[in-house]
Amino acid sequence: MTEAIVFLAAAVIVVPIAARLKLGSVLGYLLAGAAIGPWGLALIGDVSHTLHLAELGVVLMLFVIGLELDPARLAGMRREVFGGGSLQLAACGAVLVGALLAFGLPWQAALVAGLALALSSTATAVQTMVERNELATPTGRTAFAILLFQDIAAIPLIALVPLLAAGGAAPGEAGWERFALAFAAVAGVVVIGRYLTRPAMRLVARTGVRELFTAFALLLVVGIAQLMTAAGLSMALGAFLAGVLLAGSEYRHALESDIEPFKGLLLGLFFIAVGMTIDFGLVASRPGLVLALVAGFLAVKAAALWAVARALGVTARQRVLFAILLAQGGEFAFVVFASARGAGLLAREWEALLTLAVALSMALTPLVLLAHDRWLCRRAEGARAADAIDEEAPVIIAGFGRFGQIVGRLLFANGVRAVVLDHDPDQIEMLRRFGYKVFYGDATRLDLLRAAGADRARLLVDAIDDVDASLALVDRARASFPGLPILARARNVSHYFELRLRGVTVIERETFESALRAGRAALEALGVDAFRAREMADAFRRHNLATLEATLPHYQDETRMLNAVKAGREELERLFAKDRERFERERARGGEEWR
Amino acid sequence: MDGPASILVVHAHPYPGASRAGRVLLAALEGLPETELRELYSRYPDFDVDALAEREALGRAGLVVWMHPLHWYGVPSLLARWFETVLAKGWAYGEGGTALAGKDCLWAVTTGGDTVAYSPAGRHHRPFADFAPPVEGIARYCGMNWLEPFVVHGAHAIPDVALAAQAHALRARLEAWQAGRR
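Chains A and B are the protein sequences, given in the same order.
Under our numbering, the residue at position 77 of the first sequence is numbered 77, and the numbers go up by one with no gaps.
Under our numbering, the residue at position 175 of the second sequence is numbered 175, and the numbers go up by one with no gaps.
Don't take each hint at face value.
Residues from chain B shown here face chain A by an in silico Cβ test under 10 angstroms; the list is partial [unchecked claim]:
1. P14
2. Y15
3. S42
4. D46
5. V49
6. D50
7. L52
Hints are computed from structural coordinates only; laboratory data are not their basis.
Fair warning: this is a prediction, and the values are worked out from it, not measured in the lab.
Every residue gets a Cβ at the ideal spot worked out from N, C-alpha and C, and that includes glycine.
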């Protein structure tokens, strides 16, 4: 109980500070861990036990990611996973093994440790990409594919340790047995995910006891993780597979929203545990060596990654980002180092040093990324200073994806100047070439908004696709530039409500108008006169907006407390009912208008 | 006199920002008590006239002003659309269609041509009064009282002073109408 209090309090105190300083939650948790660990306040003794429990966080994370990737999309990533992954492992592994050999390690130790160092931290990299909204970009996808491959590759690597230590006992029958066991486990996961889970969930859902569904979801993931461990496979990989198999199911959203809080907490605990492993005693006694080791490791691996990125078709502007995202050592390295020491392959001193280097490299990832962003931002602003003194643009467009682009092009086509803020360097390069004024970076940052002229602009177009970022931008703009009118893109109804509650009045739901047009076309296809279909769509829009506005006061009370995903669904159902109701009523009242 | 003393001004100009006459006339109406202005082209740029909302506004008024520039001897297309959707059978005319009956109607129209153009010898070959019947017919068909139209000729070229005088005259007419109601 006291342990729980220590963990929760450390997270609640340190993480918000780190977030405030724009360091990201990963570093926040790591710092919290360092603070309560054996080298900090020494509030928690048993680090390895915590680390073990917290691994579930990584498992749940991969399950949730799997839920968002259906099998077809995963099959499409085959080449990226196996081609890209093996290339990365070979390149980084070769360089790191070579470096360790140069340090005088015996070849067996160098081989195992070098390959282990070549693995990256799925937890750090994915969490960072999620926070930066990078997972959906091509670079993010490539990085994720490589992390997936590493999860697969980690298993034989761990199995390699006893083999090397024993001097190469033939795998023989035992090897076959293990292979068969692994195959059976994967087949088991497929059967569970594909055929058993849905009927089971239907049964559980029918009981109507809400928390039972949550319990079932957790049982499913933990059970699969256990099954994979028993077969000597990666827990995370198994959970990922189960997620993919359930991606197409009707329970996907429910699973996602039920698992989400557990995932977040346990992932936090995982980083806290890693933070606790950082051996500050070693840092203090041999600072020079540790520094050289960490810096050397990161530099060597990042350089290898940079070269790999080229071969994998990552665009020039994104290669540095890609290298930073994957340069840190991963959680598997801890396991490999520990078992290598246990098998007598790795000296105790080296194990401690390498473990420390990996933990520190995880902590450095957010910091290096921050420096990278600063650097890019400076470059972007430098370029602006070079165009110099052109007249001020009256419009700021934040987010220049599918939505913002059309807004921007309409404005530009009519000679209205706009400043564009986006976080995709490739996009920016292209826009620059066409003479757009583009700033790189997170549009929710105050300094960037100011640089874009938010205090003088006449309109801010918030076209960011990420809901949280979009709302964060509105909050910031309202607080710092109260006179600046905002036009916002809403992804869905709950986003619409959140924007309305923040005082935004000009809101376009991103798919509403086009869907209305499709509805019109459907009516026409059924023989309704084209203009009549248009009048029907106009009336529908009017009713729909009136309903939205009428629902707004209730939204705040009830719905807001629920998870955003769930809220969106329930809101939709309620709207359906209301639309129908209003339609009928006004049809009765309006007489002529509704024939 | 009977009926409410409220005035509803239905203004239809596609580019109100570019219309000097419209701007000056509307400015003169500012501050009139119980007067509602509905700018059709700003409210319904997509021509999706909200008939129910318009009927509610009409219901409140004792005097309805249709204000617009003359386009091809008639009303701008959005006002025509407004007539079609708002003045429906069973509401504005026909059986049970008495919502507008007894209300007063003032046509406030601006034209490009001057009185010379609107004469048998002029460009339009007819006096302006010959072009009024279609609009007058709409009002009368709905049972409204047709007031003497308010016309500003030569709206592009009219000097500022003359325009100001016209605007003043319009306000005076509306004020007189309201005085008659109280």
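- Message: Hint validation: P14 (chain B) versus chain A, beta carbon distance must be below 10 angstroms. Holds or violated?
- Response: violated, 17 angstroms
- Query: When the nearest CB of chain A is found for V49 (chain B), is that gap smaller than 10 angstroms?
  - Reply: holds, 9 angstroms
- Given hint D46 (chain B) near chain A, where the shortest CB pair must fall under 10 angstroms: With a minimum Cβ separation of about 7 angstroms from chain A (threshold 10 angstroms), the hint on D46 (chain B) holds.
- Message: Let's test the interface hint: is any C-beta of chain A closer than 10 angstroms to that of Y15 (chain B)?
- Response: Result: violated, 15 angstroms to nearest chain A Cβ.
- Item | Hint status (Cβ of L52 (chain B) to nearest Cβ of chain A, threshold 10 angstroms) | holds, 6 angstroms
- When the least beta-carbon distance from S42 (chain B) to chain A is tested against 10 angstroms, hint result: violated, 14 angstroms
- Given hint D50 (chain B) near chain A, where the shortest CB pair must fall under 10 angstroms: holds, 6 angstroms
The structure shown violates the earlier hints numbered 1, 2 and 3.
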